[in-house]
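Asker: With chain A's structure known, arrange chain B on it following the hints.
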Amino acid sequence: MKIDVAFNVNGEEYQLSVEPHRTLLEVLRNELDLTGTKEGCSEGECGACTVLVDGIPVNSCLFLAATANGKQITTIEGLVKNGELHPLQQAFIDQGAVQCGYCTPGMLLTAKALLDIDPAPSDVEIKRAIAGNVCRCTGYVKIIEAIKVAGQQIANGGKA
Amino acid sequence: MSELSVVGKSVPMIDAREKVTGEAKYVSDVKLPGMLYGRILRSPLPHARICSIDTSRAARLPGVKALLTAHDTPKVKFGEVIADEFPLAVDKVRYIGDHVAAVAAVSEDVAEEALELIEVEYDELPVVDDPLKAMDSDAPLVHDVERNIANQMSFSRGDITQGFREADEIIEEYFETSLVHQCYLEPMGSVADYSGGRLNWYLPVHIPSVMRLTYAKTLGVSADAIRVLSPFVGGGFGSKMEYAPHLICALLSKKAGRPVRIVNSRVEEFLATMPRLPMYITLKLGVKRDGKITAKKTKIIADNGAYTHYAPPILSTAAMRADNQFMLENIETEAYLVYTNKMPTSCFRGFGNPQMTFALAQGIDIVAERLGLDPVDVLLRNVVRKGDVTAHGWYMGSCGIDECIQRSTEEAGWKEKRSPRGESVTLPRIDSTGTNEDKRRGIGIATCVHVSGNRSFIKMFEGSSAFIRVGDDGKPLLFTGEVELGQGSRTIFAQIVAEELGLSVDDIRVAMLDTDVSPFGLGAFASRTTTLGGKAVVAAARDLRAKLSVVASDMLEANPHDLQFAGGAVFVKGSPERAVPFVAVATRAVHQKSGSPVIGEGSFTPDNVVIADPQTKFGNISVAYSFGAHVVEVEVDTRTGKVDLINYVAAHDTGKTINPMAAEGQIEGGVAQGLGYALTEEIVIQNGRVLNPTFLDYRLMTPLDLPPIRSIFVESDDPVGPYGAKSLGEPTLIPVAAAIANAIYNAVGVRVKSLPITAEKVRDALRNKGN
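Taken in sequence, the protein lines are chains A and B.
Sequential numbering of the first sequence, starting at 1, is according to the working numbering.
Sequential numbering of the second sequence, starting at 1, is according to the working numbering.
In case anyone wonders, no lab produced these hints; they're calculated from the structure.
Each residue gets a CB set at the ideal place from its N, CA and C atoms; glycine is no exception.
Keep in mind that the hints are not guaranteed to be accurate.
Unchecked claim - Below are the DSS-like pairs computed for lysine-lysine, each with C-alpha atoms no more than 30 Å apart in a straight line:
| hint | chain 1 | residue 1 | chain 2 | residue 2 |
| --- | --- | --- | --- | --- |
| 1 | A | LYS148 | B | LYS25 |
| 2 | A | LYS127 | B | LYS642 |
| 3 | A | LYS127 | B | LYS439 |
| 4 | A | LYS2 | B | LYS31 |
| 5 | B | LYS9 | A | LYS127 |
| 6 | B | LYS31 | A | LYS71 |
| 7 | B | LYS642 | B | LYS288 |
| 8 | A | LYS81 | B | LYS475 |
| 9 | B | LYS475 | A | LYS148 |
| 10 | B | LYS25 | A | LYS71 |
| 11 | A | LYS127 | B | LYS417 |
Stated by the list, open to error - Calculated Cβ distances over 10 Å to all of chain A for the following chain B residues:
| hint | residue |
| --- | --- |
| 12 | SER5 |
| 13 | ASP15 |
| 14 | ASP91 |
| 15 | PRO140 |
| 16 | ASP168 |
| 17 | LEU185 |
| 18 | VAL221 |
| 19 | GLU437 |
| 20 | SER504 |
| 21 | ARG545 |
| 22 | ALA579 |
| 23 | ASN687 |
Unchecked claim - Derived contacts from chain B toward chain A, CB cut-off under 7 Å, selection only:
| hint | residue |
| --- | --- |
| 24 | GLY22 |
| 25 | GLU146 |
| 26 | VAL580 |
| 27 | PRO660 |
| 28 | GLY669 |
| 29 | LEU691 |
| 30 | PHE695 |
| 31 | LEU696 |
| 32 | THR702 |
The following block holds chain A by itself, in its conformation from the complex:
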């Protein structure tokens, strides 16, 4: 038995028939070939699979695809607008916040959700926001710095 769902991913409408147990992560990666979203633990503990559902960061490995019906989904592939990187993406590059890169897509989406609400979060607010996204390479220092820099740029009129 499959369930019909319709949702919008990065501005494009999709109509799919999915098995009820299929997660959003599986559908994005395997059916829509949006492989930028990563699987790190499939138990909702590492945040590598983070995507935005109606602007809210979720672990797509725990989010059933069927429940995404009617939702707006943003994945890492949706962050570039008109060929231009999102200020967060540019700041992650410039500040050295990327090493192996496996946590990066999920981290960026968590950070985007934070900056969408408040482009000038405190250090503690940033740390709390990304506490569910594991990065094993960087020790988070440059990630936190990059989020601050991107926030300043957005507040100063850069594109969000």
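Answerer: Quick look at chain B alone, frame taken from chain A:
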């Protein structure tokens, strides 16, 4: 060296854009036409005979395309040092997670269902999961090896008896380190595609060229039948080496005649990969009143787990490496590697060095207190200096350990903050309201030495090679045998090429490794990539420059030796107006040879390193040695034992920092991993069973736990390393746990000598002290 324009600058990673856009393809993103999904049936028992395996029901499940048991696999054991493991378990399983059978199917779901249909009958055997008990004469045997001792070593320098006789103080202490996982975020996996009589293999690993040879042997094929391709690698930290599921993936692909992908789940990662060796260390030190160490005696027992990967050289590293930061004379060491019914243990950032440093750097702290000296003075009394040769035969061509100690302590405010305040602490009443009066601050230091490449690790040769191809587009494309794991080696190499050819980093591309094209490289281990790989890249770039100079000299009507490469152009020295663009020179060169690209080749073979003597372990194994000193300030809650991290300063002798931003990233990441090692991380095993195989129960440091981390670079300008550069990746983790232990002691006067130093252990130690 004249002024550098690209080397020494904080250049962003050249592949960061692909990573922030999600375009970077990791092995789990590789999807080939007709690809199947492989899964592995793992042992549910820590030690058992396999009586029978029945795959007939699984074989009938629609969608199952291949099944494997040990009957189908080559009976060739693999293992880099001691070959003791088959791709699939033969006759016996030795740990929970051991590989028993495998399936390839049209989907993950079918593969998973097929596993449930495989019937295995086991006959349970007695279990030994404690290496100390495993050495008992009546312990169950994991392999047919006496007392489960897989490997042992002993060696001595000087005269240990005399050394202790000369000592004014002698201490003897016992330390235990824990089983910790690398926790790279990308699980291990591979995609194998057997087609046209050849195996195309996507392997995200540290040593692809070497593993190709090892795997060819196990699979019974010639090396040319295997082509290894490196996709992006989602972190390694030493872990992604030879691994049975890679072989299983290849064998499934061969049997099914279709590509197969196997990627671990996170639970499989915790159950059945190769975490760090736990070690049980007895350390005895003799010291003179002035702090001079006169003798060091060590006994180490290390947990090998069920199969041998790189544990023997790791144990050898633990047994001797940390000694080389000091000018010791009298040393005696014995070390044992012991089989247990647990997952095999192997490489993790530091390679045995963090384990011994946990003991030795606390030993220094303990003797300093005993002598009434500042540990900084004891360290400075004993450390090596440039030009020294250590007791193990290591030659220090450059050495900045004293400067690391001085600058890190200065930056951290050691003199003001270090006081013997531990003594006065008594346990406050448990009904206390939790004000700051219950908290004590302390500061601690630990130092380290590490290699830049290790001649004794993979024995075929030491060195590296590279070539750079320039076609008529004029954009250099670098091929190296070394591997990018996220540490930034491609960026470092691109900086070097840009520096040597007077281009910008944006002009340089660095190919992903492909064994059909790339040089044979030993790979990413022993913190060798920048130093040895970098030297080869320098040589390749200079060769290319020489070849292009000949062409440019025609164009500029000048002597090739008078030419300079800078700013994207080639010009006559002293006459910048006589210039041609680099691209024009490259194009001319290519056209002159009817389209053939210009190839700059380079290699580097260090002439001052040897394979250490297998018995005595003596010999200069590395081209250069790196050093570090870490100073950490902690605040301990005396009611709960909770340790808060206040401030962290890490000074490292990098020789020359080629990319400060990337180097800071190494330090911050290494320190964060080390803090997890120190305080929270541990795979807990009971009766052979992992109790915490998830990120929920295996506690990593979160951003909220971490202190500010300040990096200091000491540039000792190594005479061999490229631009003077030495290693950095591993040293960043090595001293962390010891520095924490020393800081906690300084805060509250209790010393927890087993990792991790959890709040419970600190609290219990405080209670025992209070009584």
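Asker: Are the hints correct? Go through all of them and say.
Answerer: We went through each hint and held it up to the structure:
The hinted pair formed by LYS148 of chain A and LYS25 of chain B meets the criterion: a straight-line CA distance of about 28 Å does not exceed 30 Å. Our distance criterion of 30 Å between C-alpha atoms is met by LYS127 of chain A and LYS642 of chain B, whose separation comes to about 20 Å. Taking the CA atoms of LYS127 of chain A and LYS439 of chain B, the gap is near 24 Å; set against the 30 Å cutoff, the hint holds. Annotation: proposed proximity of LYS2 of chain A to LYS31 of chain B holds, straight-line Cα distance about 24 Å (limit 30 Å).
Restraint check for LYS9 of chain B and LYS127 of chain A: satisfied, since their Cα atoms lie roughly 28 Å apart, inside the 30 Å limit. For the given pair, LYS31 of chain B sits about 28 Å from LYS71 of chain A by alpha-carbon distance, which is consistent with the 30 Å threshold. Restraint check: the Cα-Cα separation between LYS642 of chain B and LYS288 of chain B comes to about 36 Å, which exceeds 30 Å; the hinted pair is violated. Our distance criterion of 30 Å between C-alpha atoms is met by LYS81 of chain A and LYS475 of chain B, whose separation comes to about 29 Å.
Simply put, LYS475 of chain B and LYS148 of chain A have alpha-carbon atoms about 35 Å apart, too far for the 30 Å limit, and the pair is violated. Restraint check: the Cα-Cα separation between LYS25 of chain B and LYS71 of chain A comes to about 27 Å, which is no more than 30 Å; the hinted pair holds. For the hint linking LYS127 of chain A to LYS417 of chain B, the alpha-carbon distance of about 28 Å falls within 30 Å, and the restraint holds. For SER5 of chain B, the condition that its CB be more than 10 Å from all CB atoms of chain A holds, with the nearest at approximately 19 Å.
Against chain A, the non-interface label of ASP15 of chain B is violated: not every CB pair exceeds 10 Å, the least being about 7 Å. Distance to chain A confirms ASP91 of chain B as a non-interface residue, since its nearest Cβ pair spans about 33 Å, more than 10 Å. In this structure PRO140 of chain B is separated from chain A by more than 10 Å, as the shortest Cβ-Cβ distance comes to about 34 Å. The non-interface label for ASP168 of chain B is consistent with chain A: the shortest C-beta to C-beta separation is roughly 41 Å, beyond 10 Å.
Not every beta carbon of chain A lies more than 10 Å from that of LEU185 of chain B, the smallest distance being close to 4 Å; the non-interface claim is violated. Separation of VAL221 of chain B from chain A is adequate, the least Cβ-Cβ distance of about 31 Å exceeding the 10 Å criterion. Distance check for GLU437 of chain B against chain A: the nearest CB is about 25 Å away, which clears 10 Å, and the non-interface claim stands. Once the 10 Å rule is applied to beta carbons, SER504 of chain B is consistent with being away from chain A; the minimum gap is 16 Å.
Listed as a non-interface residue, ARG545 of chain B keeps its Cβ farther than 10 Å from every Cβ of chain A; the least gap is roughly 29 Å. Here ALA579 of chain B stays apart from chain A, with its beta-carbon at least about 31 Å from theirs, past the 10 Å limit. Distance check on ASN687 of chain B: its Cβ is at least 24 Å (rounded) from any Cβ of chain A, clearing the 10 Å threshold; non-interface status holds. Look at GLY22 of chain B: its Cβ gets to within about 2 Å of chain A, closer than 7 Å, so that hint holds up.
With a cut of 7 Å, the hint placing GLU146 of chain B at the interface with chain A is violated, because the nearest CB-to-CB distance is about 39 Å. Among the interface hints, the one on VAL580 of chain B is violated; its C-beta lies about 32 Å from the nearest C-beta in chain A, farther than the 7 Å criterion. At about 9 Å, the closest approach between the beta carbon of PRO660 of chain B and any beta carbon in chain A exceeds 7 Å, and the interface hint on this residue is violated. Restraint check, GLY669 of chain B versus chain A: the minimum CB separation of about 5 Å is within 7 Å; hint holds.
A cut of 7 Å between beta carbons decides the hint on LEU691 of chain B: the least distance to chain A is about 16 Å, and the hint is violated. Interface restraint check for PHE695 of chain B: the shortest CB-CB distance to chain A comes to about 4 Å, inside 7 Å, so the restraint holds. Below 7 Å, beta-carbon pairs count as interface contacts, and LEU696 of chain B has one with chain A at about 5 Å; its hint therefore holds. With its C-beta approaching chain A no nearer than about 5 Å, THR702 of chain B sits inside the 7 Å limit, and its interface hint holds.
In this structure, the hints that do not hold are numbers 7, 9, 13, 17, 25, 26, 27, 29, in rising order.
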